[in-house]
Amino acid sequence: MSNKYLPHIHVLAEDDANRQIANGFMLAPNLNNRAVKVLPLPGGWKKTVEEFTKEYASQMRQLPERRMVLLIDFDNDENRFNYVESHIPEDLKARVFVLGVLSEPENLRTDIKKTFEEIGEALAKDCSDNKNELWGHHLLKHNKRELDRMATSVKPFLFK
Amino acid sequence: MLQRIYVNNFRCLENFELLIKGMPSALLIGKNGAGKSTIASALEVLQKISRGINRMRDLEKLNLISPKDFARGRSDVPIRFEIEVLLQDQLYKYVLALELPEKFRELRVFEEQLLVAGEPIYSRKEAQVTLHIGSQNREAQFMVDWHLVALPVIQEQSESDPLHIFKTWLARTIILAPIPSLMTGDSNGETLEPKRDGSNFGEWVSGLLSRYPAAYTQVDKYLREVMPDIQDFLNELIGKDSKSMMVRFAENNANLSIEFNDLSDGEKCFFLGAVILAANKFYGPLFCFWDEPDNYLSLSEVGHFVMSLRRSFNNSGQILVTSHNEEAIRKFSNENTFILDRKSHLEPTLVRLLSDVPVRDDLINALIGGDIEL
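For the protein sequence lines, the chains are L and Z, in the order given. When we follow my numbering, the leftmost residue of the first sequence carries the number 2, and every step to the right adds one. When we follow my numbering, the leftmost residue of the second sequence carries the number 66, and every step to the right adds one.
Be aware that a few hints might be false.
[To be verified] Which chain Z residues face chain L? A few, computed with CB under 7 Å, are given here:
hint, residue
1, E290
2, H369
3, S398
The hints are simulated quantities; they were obtained by calculation from the structure and are not laboratory data. Only a predicted model underlies this, so the values are computations on that prediction, with no experimental measurement involved. Even for Gly, the Cβ is constructed at its ideal location relative to N, Cα and C.
Sequences and hints are given; from them, build the entire structure.
And the structure:
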């Protein structure tokens with residue numbers, strides 16, 4: 002049984018690469034397994050935003066302890082974050098986070114020679130250890146503002 | 066950690082090699098009849114031998130292996146099993162080849178060998194076994210009935226004897242395709258060797274808690290996550306040597322006791338999962354093969370359950386699972402998912418890592434469409 006009235010987070014990963022990164026993140030030994038769920042793949046960043054606004058936003062309003070991460074590719078598009086953020090309803094903004102690789106996960110994988118799962122594991126370790134090693138990579142460092150927000154809103158229940 | 070499984074001429078497995086070196090967890094997917102469960106059957110033959118069932122006709126009585134199992138009846142070629150496993154930083158290799166000479170009704174051993182780091186511990190050709198003893202590389206030879214596998218009958222010298230280390234590891238491997246209705250929670254003894262159908266689950270719980278009492282905390286911790294209203298579980302004496310499990314729930318000052326046997330099928334699987342995690346922690350590292358761990362679970366639980374297993378085995382031990390369930394499949398990634406495929410019942414199983422197979426569409430859509438072929 003999962004208690005949806007306790008703090009938890011749902012991850013909407015845009016594609017298979019991001020899903021595998023999320024899998025790796027969830028292998029962290031001290032992760033609160035029951036507090037995270039990765040939802041079926043929308044298939045593309047635009048569909049991710051659409052599904053969130055059409056389907057998941059209303060559910061979030063019923064469940065004040067639910068947070069959501071939209072895991073998207075930024076495809077080197079400077080305006081994408083602002084575009085996505087502008088589609089998040091004002092009353093939910095504090096509980097929705099937009100993360101992703103600056104270009105796409107395949108580039109990060111090639112650059113650091115890790116599998117997607119290993120990338121996810123390394124990112125989780127950074128979070129758990131309060132470090133910024135992989136998160137500081139030039140393809141990931143733009144996530145800092147969102148990570149700072151998550152540190153207060155998500156981290157306290159995400160790790161045991 | 067198991068690194069390699071090789072099987073030849075056993076049912077649909079011909080010249081079949083599964084390389085899982087460095088994978089703490091891996092998934093096997095493929096259509097019905099592709100050969101996923103046959104891999105479990107091959108491993109179970111070796112597991113049962115290490116547990117002491119080493120007469121060919123006794124293995125046949127358990128429906129594990131028989132003369133019918135030569136691939137397409139090809140009994141002029143031996144059935145061959147090989148496993149390579151890293152234990153205490155040493156590579157162990159065990160080889161067993163079985164044959165059926167003309168006019169024989171029972172399989173017999175054609176070849177058998179156990180090597181550690183490339184050095185033979187013992188080797189065997191037909192009835193003759195050669196023991197390679199100690200650093201002076203002395204040899205001793207003796208004869209064994211051709212229908213008996215030698216592994217369980219060779220005397221171990223000590224707990225540090227490689228033979229003991231390998232046999233204990235193999236005997237404690239967990240191969241599961243549980244049938245919850247057979248998991249009653251009753252026991253008439255203790256074991257650390259669960260059966261494939263889970264029917265001796267009560268004995269396993271008794272064995273685990275008797276030898277490792279602290280394992281209760283680990284089991285309890287997991288169960289509280291999935292069933293927040295559980296209070297505790299008891300394994301009470303109900304006769305001279307018999308025990309029965311009771312599960313107690315509590316909420317809002319109300320209590321309820323339920324016999325383990327009366328839990329739902331999915332709840333029994335939660336207990337099974339909890340005991341596996343505890344076993345791996347307390348007497349592991351263990352190898353576990355679970356055929357469809359998502360069976361009997363609600364969709365909301367499948368992902369949590371599979372991820373718990375993967376996380377638990379990530380630093381110690383190894384788990385191999387099969388699945389047809391979308392949620393379970395999505396909890397694995399391209400580098401630890403193997404696709405199995407057969408062109409027809411007349412052709413053998415093929416296997417490839419998902420990362421080596423071009424899948425244009427979403428994997429689940431491709432699986433639903435039956436579009437993945439090797």
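Verification of the hints:
no.	hint	in the structure
1	E290	holds, 6 Å
2	H369	holds, 6 Å
3	S398	holds, 4 Å
Of the numbered hints given earlier, the model fails none.
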